[in-house]
Each structure stands twice: as C-alpha cells, then as structure tokens.
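Colleague: Based on these hints, arrange chain B with the ligands on the given structure of chain A.
Residue numbers (this note's numbering), protein chains in the order written: chain A, 1 to 249; chain B, 1 to 309.
These are calculated hints, taken from the structure and not from any lab test.
Possibly wrong hints are sitting among the right ones.
Within a straight-line C-alpha distance of at most 16 Å, the following computed EDC-like cross-link-like pairs (lysine to aspartate or glutamate) qualify [claimed, not checked]:
#, chain 1, residue 1, chain 2, residue 2
1, A, K106, A, D206
2, B, K299, A, E237
3, B, K309, A, E236
4, A, K219, B, D118
5, B, K272, B, E152
6, B, K123, A, D123
7, A, K241, B, E303
8, B, K272, A, E245
9, A, K145, B, D231
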Amino acid sequence: MKILVPVKRVVDYNVKVRVKNDESGIELDNVKMSMNPFDEIAVEEALRLKEKGIASEVIAISIGVTQVQETIRNALAMGADSGIFVEVNDTLEPLTVAKIIASIAKKENIDLMILGKQAIDDDMNATGQMISALLNWPQATFASKVEITDKTAKVSREVDGGTENIEITLPAIITTDLRLNEPRYASLPNIMKAKKKPINEIKVNDLKIDITQKLEILKVEEPSKREAGIMVKTVEELFDKLQNEAKVI
Amino acid sequence: MNVLVIAEHNNDEILPATLNAVNAAKQIGTVDLFVIGNDCQDVIDSGNKIEGLNKVLFCNNKVYENPLAENISTLIQSVSKDYTHIFFANTANGKNTAPRLAALLDVMIIPDVIEIIDHNTFKRPIYAGNAIATVRSSDTCKVITVRTTAFEKATFGEKEAAKIEILSSEITNLTKYISSELSKNERPELTAADIVVSGGRGLGSSENFQILEKLADKLGAAMGASRAAVDAGYVPNDWQVGQTGKVVAPDLYIAAGISGAIQHLAGMKDSKVIVAINKDEDAPIFTVSDYGLADDLFKAVPELEKLIK
Ligand SMILES: Cc1cc2nc3c(=O)[nH]c(=O)nc-3n(C[C@H](O)[C@H](O)[C@H](O)COP(=O)(O)OP(=O)(O)OC[C@H]3O[C@@H](n4cnc5c(N)ncnc54)[C@H](O)[C@@H]3O)c2cc1C
Ligand SMILES: Nc1ncnc2c1ncn2[C@@H]1O[C@H](COP(=O)(O)O)[C@@H](O)[C@H]1O
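Isolated chain A (complex conformation) (with noise of 0.2 Å):
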C-alpha cells in the first residue's frame, strides 16, 4: 500500500505574525519555517501503518516555492521514503493545491492520503474535503483514530457532540486532527539519511492544471485590538465588576 502526504511549509506556530504595513499579507522576512503542525501528524500516522507492515511506502509531497523542499527533507527524516516537488511561484490556494494532487496520486496509485485537516497560515481546512471530491474518495476528516484492516479504514472523527465512527473503503483520504498521535522528532542519523533519499521534481505545466486563483486577497489587516482591561486585587472587587459595571451576572 502506497501512502501519500501533503506536507506543508508555514510560519511556525510559535511565532506572533505581523502584518505588512501596505496591508499587503504577512511579514515574511526573517521568520521562522516550519511543517504545519497537522501535517507532522499525518506523516507520523503514515509511518506507524508502515511500520506495522500495513504500509509499503510513504512518499511526502510539497508544493511551493522551492523552499518547500526544506519540508519534504522535515518528512523523509522523521521516515518518508521519497519526497515530490512540484513549484509553483505563484500564490496558490486549496482548490488549485487539490488539482495538483489528485493528478499526481492518479498517477502514482496511491492507495490512501494522509493530510493535515488545517494549514494553520490559511485556515482553510479545505484540500483533503477538496481531493476526495476530485477523485471522487471517500473522506474521513479531523481523525483521531485510525485502523486499517485490508480495504478498509475505521476512523474515529472528532464532531462537535463528541466522536462519530465511520468505515471508508481505500483509496481514500484521511485528515488528521491533534489527538491522532504524538509525532516523533527526526533523528541525527535519520536526517543524515533524508539527504540521500530522491525528491521528484514534477513540473506545474506538465500536469495542465490551471493555477489562477478564483480567491483574490485584497488586503491583510490587523484585527480590531481589544481594550486593555484592568487588573482587581480581589474576588470581591471582581465580582463587584462584573455585577455593577460590565452587568453581565
């Protein structure tokens, strides 16, 4: 079995963004990368079906500027066996990302594809959901458990009430949410490994996807800042506060 997963480069998630004084989108500069947190996940999942011998191969894949490839080397060190690159300079959004895929797992007969269920830069929480319709899979999103016996995957998704079960029949995509696993940290010697591993390059114009984007940013602003508050000494002036002046109790 042939596992996919996309892997995305974003701005860590430890770092306060700033925006750009033109409003233009995020302070880039000087700003520390990272693997989107969910995607970690996913690649963590794909290597414990591996392990388990349920996985033949995982193969990580990234598209973007050539920095992306940083990401992939993130994946093939923590176990990925091979990367994909495929560039693209301009800025992309999840639909275009989801073409790309779906022509490249077509072609690579990927049995499942393991995604994170949110790029924490976009919040789009939409390429898995948008894969699975162009391929026509099914989808299991925001999982926290997953078990695959032959065709089949039991996942547990995390709902608003609580957690729903559902079977899914391979290929298929699955999304990951925090809870799924805990990932590892890549290794010296691994990361020494991930040098030697290939990274296919696949060219945008081959693929004959149409890359504009049908979702234009115009502007990137700051949001409203709140007030700053007071500090109370104590519960009763607390209390007092919230009864006589914000009379919201």
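Modeller: Chain B with the ligands in isolation, oriented as in the chain A frame:
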C-alpha cells in the same frame, strides 16, 4: 442573488448555527433553506418559520440519517444551479461538506467568513485570527462557511415559507456511518452559550475541574477548555476552544488556569467580557482580559462561586 443555506440540525430540531447562517445570507439576497435529514419533519416545520425565508427545500430520507459529506455534497450539487451562493455554518459538518461541494462545482471554498462586504467580497480571519484577509471571489457560485459568532441569529415568525421536496441523489457505498459517541451534556451548547467557563492545564486534574463546573452551573454557563487540558485527559475533546477547536463569543468568558497561547485566544478573543484568573501575573491571557485576577484559582474560583446567588 439567490442564496441557499444548508440547515444544521440533529433530525429533531434546528440548531442555532443555522440561524446565524440565515442572517448572514440575508445580507446577500433571497434566502432558501435546505433541510437534509431523516425523520426530520419537525426540523422542516420549524425551519419553515424562520423569519424572511423564501422557500424551504427538504430531502427527508433514511440515507441522510447521518450527514456523510459524500452523499450530502452530491445532493446539494443537484440543486446548486439555481443559486449564486451556498452558505454553511462553520460547524464540524459544514467544514466537512462545504469544501467537497466546492470542488465538485469547481469553485474555491470561502471558509470562516466574518463579514460580508458585497456579494463577491468577504472578510475572513487567517493565522489564528492574528490577521484578517479581505478576499474577492470570481466564481459564479460561491460556497461559503460563516463563523456563527460573527452574525446575529435569525428569529422565528408566524409566516410559513413554501416547502419543496428534493429527491435523493447518488449514494456512496464506500463510506459507512457506524456510530457516534456524543458526550452527554446538560449544560448549554458551548458555541451558543451566553457565558462560558473555561479551564486549562492549571486545573491539574479532571477532579479539580469540578470546582469550575460548580461555578458554571451556578451561572448557567457552558464549559470550555484549552487544548492542554483536553490533551491531558481532564475533559472531553469537544470542549476545546481555539484556532483548531471551537470559536466562541459569549457575553462573558471566564478563563481559569489558562496561559493564553495565540491558538487559544483565536477561539475566544471576540467574547464581550473576558475574565482571567491565573496565578502568574505575566500570563498573556491578561493582555486580552477586561478583568484580570492574579491569584490561585483553587482559592479564587470557589470564592467567586459563593458570591453568586
Ligand atoms: C497546531 C496547534 C493548534 C493548537 N490549537 C489550540 C486550540 O485550538 N486551543 C488551545 O487552547 N490550544 C491550542 N494549541 C495549544 C496552545 O499552543 C497551548 O499549548 C495551550 O493553549 C496551552 O494550554 P493552557 O493554557 O491550559 O496550558 P499552559 O500554557 O500550561 O498554562 C497553564 C496556566 O495555568 C496557570 N496556573 C497553574 N496553576 C494555577 C493555579 N493554581 N491558579 C491559577 N493559575 C494557575 C499557569 O500560570 C499557566 O499560565 C494548539 C497548538 C498547536 C501547535
Ligand atoms: N502547498 C501545499 N503543499 C502540500 N500540501 C498542502 C499544501 N497546501 C495544503 N496542503 C495540505 O492540505 C492540508 C490542509 O490545508 P488547508 O486546506 O490549506 O487548510 C495541509 O495540512 C496539508 O496536508
């Protein structure tokens, strides 16, 4: 402009998120509601009375007992040509289905809309709400999920909208619903509550959460939590508030033993009044709180609870 709103319900009743989505949709044009479910006559009958609807479409069929995105998206696709916009609430169901529908229609999804500028232009938070993007869609049919906390709720009236039955469409056998484990909850629903009491890692154990639950019950509040508290197993998953959990904006949000990581703030910083109780006076949560109390929560929370009648 014709807008279709997909109703969020549990086959017994319309959930409040639907009402927020309807009100958002009214800013665009004529609004129809689509109720998809099984044995959901009550939902159709009450949905029908939401103020200002043009029509209610419904498909009441046992294959839609549980909302699988595969089936729901093709059903919505079958009626989509009549609409310029299709709105979902950004619930777990909405997030699951809307992008799938968008890809079927070859349009880009517009997720988590907080403001409608015009029928093409919307605002949505990115980077955990640390920036707000204004986006313009060039698609002919716009598939949107709305952040429910950003819009008022539509109300119910007396007038009944016309009902139109829609036939079920293609059903997948590749995905099967097996079961749900829904947490029992006597408290108000987290995303719809007027008051939310939330706890973090500072609580230390699930037993200790009871001191917060007592406070919540006195206030008639919903319970929330940080991811750290959920991960530590103190409380159920569906209590998580934040960038990757639920977004809430109650009249009063009380955070106890929560440090205030940006991912947590993303889910609660639009609350009207925020109270933070944390023993570390430098905790970042105090930068967004209206009233901060730097104190031990094990002392302060029971005291506060006693003062409330
Ligand atoms: C991809 C990603 C997504 C995430 N999504 C979310 C999300 O949606 N929601 C979310 O909440 N987090 C999310 N997180 C996690 C987030 O980064 C923080 O780790 C988390 O919010 C911390 O939870 P906490 O404040 O409870 O714990 P801590 O940061 O450990 O804070 C505990 C606080 O309790 C205080 N405290 C301890 N004892 C007491 C006492 N006796 N009295 C008073 N105060 C006390 C301490 O001073 C401290 O400030 C996400 C992280 C990642 C990487
Ligand atoms: N440019 C990209 N390259 C590779 N994978 C991506 C890319 N964009 C999104 N993804 C995948 O899709 C998931 C969801 O992203 P999004 O829909 O943008 O929130 C991510 O967690 C990744 O697994």
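Colleague: Would you mind marking each hint as holding or not holding in the structure?
Modeller: To see whether the hints hold, each was checked on the structure:
1. A/K106 - A/D206: 14 Å, holds
2. B/K299 - A/E237: 15 Å, holds
3. B/K309 - A/E236: It holds: about 13 Å lies between the C-alpha atoms, which stays within 16 Å.
4. A/K219 - B/D118: 15 Å, holds
5. B/K272 - B/E152: 14 Å, holds
6. B/K123 - A/D123: The hint holds at about 13 Å.
7. A/K241 - B/E303: Within the cut-off at roughly 15 Å; holds.
8. B/K272 - A/E245: Since the Cα atoms of B/K272 and A/E245 sit roughly 13 Å apart, the hinted pair holds (cutoff 16 Å).
9. A/K145 - B/D231: 14 Å, holds
Going down the numbered hints, you'll see the structure goes against none, and every one checks out.
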